[in-house]
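Starting from the two chains in their separate frames, assemble the complex, guided by the hints.
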Amino acid sequence: MINLRDAGATWWDNASKLKRRSLVVSLILFVYALPFLNNPIINTPGSMFESVLFYPIGMFVLLSIGLNIVVGKSGLLDLGFVAFFAIGAYTMGVLGTRTNLNFWEILPIAMGLAMLSGVLLGAPALRLRGDYLAIVTLGFGEIVRIVAVNEEFIGGARGIAGIPTPPDMFGMKFEILNPKPYYWLLVSMILLTYWAVRRMSVRRPGRAWDAIRQDDDVAQLMGVPTFKYKVWAFVLGAAVGGAGGCLYATQILSIVPDQFSLNVSILVLACVVFGGIGNPFGVMVGAIILAYLPERIRFLTQPRQLVFGVVLVLIMNLRPDGLLPRKKREKFESETV
Amino acid sequence: MRLEIKNLSVYYGKIEALKGISLVVNQGEIVTLIGANGAGKTTTLKTISGLRPVTSGEIVFDGVNINQIPAYERADLGISQAPEGRGIFPGMTVLENLEMGKYNRKTRKAEMSEDLARVYELFPRLKERATQAGGTLSGGEQQMLAIGRALMARPKVLLLDEPSMGLAPMMIQNIFNIITEINNQGVTILLVEQNAQQALSRAHRAYVLEIGKITKEAKAKDLLNDPHVKSAYLGTGAHEIF
Ligand SMILES: Nc1ncnc2c1ncn2[C@@H]1O[C@H](COP(=O)(O)OP(=O)(O)O)[C@@H](O)[C@H]1O
Ligand SMILES: [Mg+2]
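From first to last, the protein sequence lines stand for chains A and W.
Remember, the working numbering sits 10 above the position in the first sequence when you count from 1.
Remember, the working numbering sits 3 above the position in the second sequence when you count from 1.
Chain W with its partners taken away, still in its complex shape (with noise of 0.2 Å):
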């Protein structure tokens, strides 16, 4: 598994919001996407996943330009996504959500119960909820699920929207302890995050992304202990955020 981004430039409209940006995430890495609001976080992940239309540039995934690739059939290639807001179907109870991961795949009967049962021991919370409509979850019940629901479809690479939004700290906490195992499972994760503390201290390489262009690239470590992400990202400008 490889992904990269090369020179990818997305407009809504007249409004540039990504100018030609570029990144990698390798096999095994957690790499993590972090920016203010409004950077362009989102828009990175939905073009990488197909909601939003390359306007130049290329996204190369596995050595194949995927660029032209319907976001319906990218499930199926390998790239998983909890979008942003969690985007659980509420009508659906969790179990017919976590169904819904593997829409598409040919093999999804033969491998159902075998996933189900992988998700529920990561998250034995749902295994509780099964039956319970979605809507009805708390936010960090509606993440698990979002992130379980991704992992449904066997992904190569898991693209995770600010999964600790909105959370409480205690929950934050055990959400990022959850991905890194995620990670240890052999799953690649793009990570992209306003929590930046949280989220380096995860991570194994980081891209800075400010109002649409890639700032800094560096080991997440040494990001940590950056001057410039120090006072934007980690000290008390990112709590304003909230």
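Here chain A stands alone, though its shape is the one from the complex (with noise of 0.2 Å):
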């Protein structure tokens, strides 16, 4: 098979930057022109396709992004990040239905406590490794979920209902039956995240990230405070968790506590891992595929699940690696003494 990310990366470091700015430009108003295309190859049946590209498949691309600076910049096993995608849409919920607040003044709000939850359970957990991290971080998407059965004030098993839309923004109206709006606002954060996340990578944030990934002890004989870092990917990644739950909270206007569940984590982790661990462009790709698949064959009803099992089988056998791996580089990682 050729190898993809190495015969996209050559043409990019080839291109002009004329060539690689059109190339861009040109990708990104074809996304945001994407609720227009009305092309039956694409289209999801069975479904609304607006629909589908605000959720899942722009908010798994958001996610992913997110899970990907813990996972693939940094190297911690993450099973739990479904907690502050929770985080972010029950202070949507909760402000929203209570107070006055807007979106807009949401939002900060929600990114702030989801990064407050990644640093109370960071502190602690990030002190473990590997497995033990892995394990502690799945219980805490739990129990974020459990709590929210449990509780009240916020809804118990029933969730929250009558949250409110954005106001409106450039003359368009936020409405459950138009996700035009929201998808395009999801769009923004998207490539926003994205532009930070690559800003970062390529200073020295994602030097330690790749030192730290690669050899914790060295990476700080070399200077690394490692402990710092790792905290802040999993603060950053929170935040991201925080600002897509919040933006879902306000599109699906109710929310209960089963839409929190382990699935979530767990499917967020396939998209990263199914894309290029690492490799942000590679998961963006890999979450679209992952969130758009199920449905585009809707309509198989029964055998879907199974079908999406087999495909996923199938690619992460013939791309062990995911589809675009990060720079080839890295693959000796293992290989040493």
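Honestly, the hints are just simulated from the structure, not real lab data.
Heads up, none of these hints are tricks.
Partial chain W-side listing against chain A, Cβ under 8 Å, derived:
1) S52
2) A74
3) Y75
4) G94
5) M103
6) G104
7) N107
Keep in mind it's a predicted model, so treat the numbers as computed, not measured.
Beta carbons are placed, not taken as given, at the ideal position from N, Cα and C, and that holds for glycine.
In structure tokens:
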């Protein structure tokens, strides 16, 4: 199989600035125009395409970029990412229904609370390594959901209904039956996050995360405050998860704890691994495919999950490092003495 | 520069790996710590660089007790280590590995090109391979990279953990020549080795470590002729390890 990543990377490295710019700009315009695309091959029979674009596709892209900071960049296995998504959604739910704050005012609070819980979980948990961290984060994801089920103040098992929509923007109305503005807002959030993560990756934090992932002890010998950077990775991932949850809640307008089950964590992790752990662009592509495919084959009804599973297993067999893995040289990681 | 270890004890859980060892490294010296597999050599270096916590005793660097200083700040104090097994970042290029060597230095930008030139002069091979991934280097090249990377931090004392491990005889000779050269340039070195022959013929002073205890301290040249050291570390016994 040809190496898509290397072929793409070579083209990119050799392309002129103008070529790169025009490719990026046309790609972005295409993505913004997607809701207008009425193509029977691409559209999702059985569900509204515009709405599928927002959730699950766009939302999983955003969450995957967030989780990739934790799992892909710094090499920490987090199986409870849904917790931050839930905290963001519940912040929007509670503050949206009980105060006069609007979406834009709640968004930073949601992100802040997700980051705070990221610190509270991360500070003790990140002293653990490997499997232990995975188990603790898995537990955290479940605890958040169970607390939501049992806490009447935030609606218990019935959840929260009547969450307000964001105020109008540029003359567009945010309505449940018109997902376009939500989708455009989400795409903008994705672009912003992607840009921020990229900037960080090529600078000192990115180097520190690379070093930590490859050898934590040696990173410390080089002067990298590894614990601090791990907590930061966790907290930044949490902020993205919280932002996603907040936007999700203001679109779907009512939330129940069941929407924040372990499945979400696992699926987001699958997107990261499937797309190419550590490479944000690959992760985006992975999330698009994994979120889109089940919707595209919804007409299959019963065998849908089975087909999805078979496709997943097949592709992971063909490309064990994911669709678009990170730079090839890192594959030597496990082979050194 | 003066590194002094006083009565140092270090545990792994209930196992006492270091049982109250004391040693001194003075400015300009090569001091070697020799001992068999499992004696506690790596534990000693890891504790000096802060990767293992001290159970009791003191690590004093330039007159200051550094027991509580985290590992990532010790590099900036002037303690640099080329760890056991070399610890190359396999996914980073040679150049990126070298740049990591001064990650935490505030003056890193100003010093970078000068220090790179210095390392490349010591190890011309690294310059040729600057853009190659660390993981693809041979064992000897990785050891050069590990030492070069440690030098990037402008150490006052350089800790070397078995630099000869797993290398061909020619390469071992080469590495030890460079170690002597680095010392001649003014860098103090604490060298941990199982290859006692080489270590003792290069070092000024030596300590013998046996199951967590220092059993001998002497001029390195004298230990080369010490009957106990000869039978335990120099004769046939030393070669069985390989
Ligand atoms: N991570 C660890 N956990 C438990 N025991 C360890 C660990 N590392 C080393 N030890 C033990 O500590 C002792 C000293 O080990 P080490 O310092 O690696 O010796 P050396 O470097 O001289 O071969 C050995 O008995 C070893 O089994
Ligand atoms: Mg050792």
